[in-house]
Amino acid sequence: MKKTVEIPLGSQHISLLEPIRFRFHCENEVIRDVDADVGFVHRGVEEACASRFEFKQVGYVVARVCGLCAITHSLGYTLAVEKLLHVETSMRIKYLRMLMVELDRIHSHMLCLAHTAENAGFEALFMQIMNERELVMDVQEALSGNRVQFDYISIGGVNRDLSAQAGALVLRNLSLLEPKIDELFERFTSNWSLSLKYRGIGALSLTQAYMYNTLGPLARAAGLETDVRLETNDFPYAQIGFEIITEQGGDIYARNLVRLREIKQSIKMVRHIIEGLPEGAIQEKTKGKPEGEAIVRIEAPRGELMYLVRGNKSSILERVRIKTPTFSGIPAMIEIFKGSNFADAPAILASFDPCMSCTAK
Amino acid sequence: MNKITVNLENVVETIKAFYNPAAHHFLTLNALNAPDDSIELEWIFTRYGVIDEPTVFTLTCKRDVLIPSVTSFIPSAIMSERETVDMFGVSIEGAKRGLYLDEDSREMPLGRCRV
Amino acid sequence: MLNALIQALKNLISPPVTLQYPLAEDITLPAQYRGLIEYSAEDCIFCDKCEHACPPRAIIFFQEANGDKVYRYNPHLCIYCGECVRACPKPQEALWQSEKKQPFALRAENVNSEWKVWEERCSESRDAFAAAKKAKKAAKAQSDGQGEMQ
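If you read the sequences in order, they're chains S, A and G.
Going by the working numbering, the residue at position 316 of the first sequence is 316; the numbering climbs one at a time, nothing skipped.
So the working numbering is basically just the index in the second sequence, starting at one, shifted up by 361.
So the working numbering is basically just the index in the third sequence, starting at one, shifted up by 476.
Fair warning: there could be bad hints in the mix.
Below, in silico cross-link-like pairs of lysine-lysine (DSS-like), each with a Cα-Cα straight-line distance of 25 angstroms or less [what the hints assert, rightly or not]:
(1) K313(S) <-> K287(S)
(2) K566(G) <-> K285(S)
(3) K289(S) <-> K423(A)
(4) K486(G) <-> K56(S)
(5) K609(G) <-> K577(G)
(6) K285(S) <-> K94(S)
(7) K268(S) <-> K180(S)
(8) K285(S) <-> K83(S)
(9) K545(G) <-> K609(G)
(10) K486(G) <-> K197(S)
(11) K457(A) <-> K377(A)
(12) K287(S) <-> K612(G)
(13) K609(G) <-> K56(S)
(14) K287(S) <-> K56(S)
(15) K264(S) <-> K180(S)
(16) K338(S) <-> K56(S)
(17) K285(S) <-> K486(G)
(18) K364(A) <-> K313(S)
(19) K83(S) <-> K94(S)
(20) K180(S) <-> K486(G)
(21) K338(S) <-> K94(S)
(22) K83(S) <-> K264(S)
(23) K545(G) <-> K486(G)
(24) K457(A) <-> K338(S)
(25) K285(S) <-> K264(S)
(26) K616(G) <-> K525(G)
(27) K287(S) <-> K525(G)
(28) K56(S) <-> K566(G)
(29) K364(A) <-> K83(S)
(30) K525(G) <-> K313(S)
(31) K197(S) <-> K338(S)
(32) K423(A) <-> K377(A)
(33) K525(G) <-> K289(S)
Away from chain A, derived, C-beta distances all over 12 angstroms, residues of chain S [to be verified]:
(34) G39
(35) V41
(36) A50
(37) S51
(38) F122
(39) A166
(40) E186
Quick caveat, the hints were computed from the structure, so don't treat them as lab data.
The beta carbon of each residue, even a glycine, is placed where N, CA and C say it ideally should be.
Next comes chain S alone, as it looks inside the complex:
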């Protein structure tokens, strides 16, 4: 006789932001095996990039892969094309790009914390964090002219300069945000009822982290020291005070802590960027067509994002390969689910910060 009961979660479910379907094989309350179907929102972006659009337009196409990390997608693609065109960007461009990526990381981590709280049953905390997240969204809107689709980065530079007022607004909003993050830190570490839902649940050991090639906050919460900001030299992260953040344990609690500490660090880094912003042009001259192959890695809020671009001296690229963080994180997610309680599944899922539109592209 079959011992397990099959319980589906998704593709439409109250705890899901985007369509994904899990089929949990449960023995009583405990999940024994998981099937995942992740391809619900496949839109064929890779094909469109290599057939319909010219290489100058593709930056705006790949930004539409994901709404939340639009800036890292366009940055990854732009860096790859700049490598093929042999463009060296000025320090000011690099600083402005880092500024947007770090702001993006702050609001993306806040969204994840909010959803982890919501899926664990803390609706009011969700509302509160989302309200505080608006401070960062306002800054991004002021800098780029739009709330979600920033279209800030173009090949050879950035589309807008940082004015003095915008710089002041960034600093003002961040100083408003910082005490609120401290308050959240306090709440996530010392609140007893939150710890019931988070401590020791959905744990990933360091061995498993190595074995399943985990990345981003998921790996750093398990103690695996990997961060693309440390592993590439496309951006001067050491200059603005970047240090890797790791936690031990690999449970939801550790993942929340990694995210909270990274928000605090990003706030610090944004301040350093605004204070030490070098002078220079915001757009470099580009000419020619991309030729050759380039691999670029960017630390997106959810982990490592990879772009592989190959061009053959025509305006249509030969191949654009997008490897998104959630895509490579799914085998580890499935592993974490095994052995957990079914009731914890929504909270565990939210703590991965999965992005299905990135995964299926």
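Based on the hints, put chains A and G in the right spot on chain S.
Same frame as chain S, now just chains A and G:
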């Protein structure tokens, strides 16, 4: 990037000899269309915690051969192997079709040879 | 535990963190909001650069038989990236990005199918113009050749 050319017979052994789970990070498996109805596969690796150029194992083979899988020692490779099967219409050991595509989807959307 | 109790007591007397939805006031757009693309036919030199730069092809020129071109823009297809303005040789004069909010697409306006018809008509007009030009050139070359022969 350091490119290492492999062939169908030694691809799994070469990668297995190279790959150290505690030091190497498997980025992805990438496929490209090559001339003469061939396909070029690239297994891309980087290292944890150090600034390093990616190491790329490239294999060029005919589209209709069975490509060996690396999932026995890199379990997370299953995602990119299944994606390659869907997108390029190749066959990889143990990788099912249908990660992104449905029953009635167009066959191998990226597999057209434009070279 | 004690902290939580103290926090709970504090929450009892502090005002709520949520706000009323601002129904009464209009939402103000920030300065330098990326709004509608605006165009002036008098200043345009019809170089078609904006049309080539536009990622979603929201700007299309119709080719008249007498050589004139007509600009048309689809605000519902536009992604407001501003590439056209950066490609324009006369930015702020011929083409510029305003801070106006984009309009809603109403069903009665039939924006999608109408635009598809327009796209088709434009490409037909281009082909017809190119063919006419070619025929004219060929006729001219022929008459020139005849002239030489005579």
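Structure-based check of each hint:
| no. | hint | result |
| --- | --- | --- |
| 1 | K313(S) <-> K287(S) | holds (12 angstroms) |
| 2 | K566(G) <-> K285(S) | holds (18 angstroms) |
| 3 | K289(S) <-> K423(A) | violated (30 angstroms) |
| 4 | K486(G) <-> K56(S) | violated (55 angstroms) |
| 5 | K609(G) <-> K577(G) | violated (41 angstroms) |
| 6 | K285(S) <-> K94(S) | holds (15 angstroms) |
| 7 | K268(S) <-> K180(S) | holds (15 angstroms) |
| 8 | K285(S) <-> K83(S) | holds (14 angstroms) |
| 9 | K545(G) <-> K609(G) | holds (15 angstroms) |
| 10 | K486(G) <-> K197(S) | holds (24 angstroms) |
| 11 | K457(A) <-> K377(A) | holds (23 angstroms) |
| 12 | K287(S) <-> K612(G) | violated (36 angstroms) |
| 13 | K609(G) <-> K56(S) | violated (31 angstroms) |
| 14 | K287(S) <-> K56(S) | holds (11 angstroms) |
| 15 | K264(S) <-> K180(S) | holds (11 angstroms) |
| 16 | K338(S) <-> K56(S) | violated (45 angstroms) |
| 17 | K285(S) <-> K486(G) | violated (58 angstroms) |
| 18 | K364(A) <-> K313(S) | holds (21 angstroms) |
| 19 | K83(S) <-> K94(S) | holds (14 angstroms) |
| 20 | K180(S) <-> K486(G) | holds (16 angstroms) |
| 21 | K338(S) <-> K94(S) | violated (42 angstroms) |
| 22 | K83(S) <-> K264(S) | violated (32 angstroms) |
| 23 | K545(G) <-> K486(G) | violated (69 angstroms) |
| 24 | K457(A) <-> K338(S) | holds (22 angstroms) |
| 25 | K285(S) <-> K264(S) | violated (36 angstroms) |
| 26 | K616(G) <-> K525(G) | violated (30 angstroms) |
| 27 | K287(S) <-> K525(G) | holds (16 angstroms) |
| 28 | K56(S) <-> K566(G) | holds (20 angstroms) |
| 29 | K364(A) <-> K83(S) | holds (17 angstroms) |
| 30 | K525(G) <-> K313(S) | holds (21 angstroms) |
| 31 | K197(S) <-> K338(S) | holds (17 angstroms) |
| 32 | K423(A) <-> K377(A) | holds (23 angstroms) |
| 33 | K525(G) <-> K289(S) | holds (17 angstroms) |
| 34 | G39 | violated (4 angstroms) |
| 35 | V41 | violated (9 angstroms) |
| 36 | A50 | violated (7 angstroms) |
| 37 | S51 | violated (8 angstroms) |
| 38 | F122 | holds (32 angstroms) |
| 39 | A166 | holds (32 angstroms) |
| 40 | E186 | holds (31 angstroms) |
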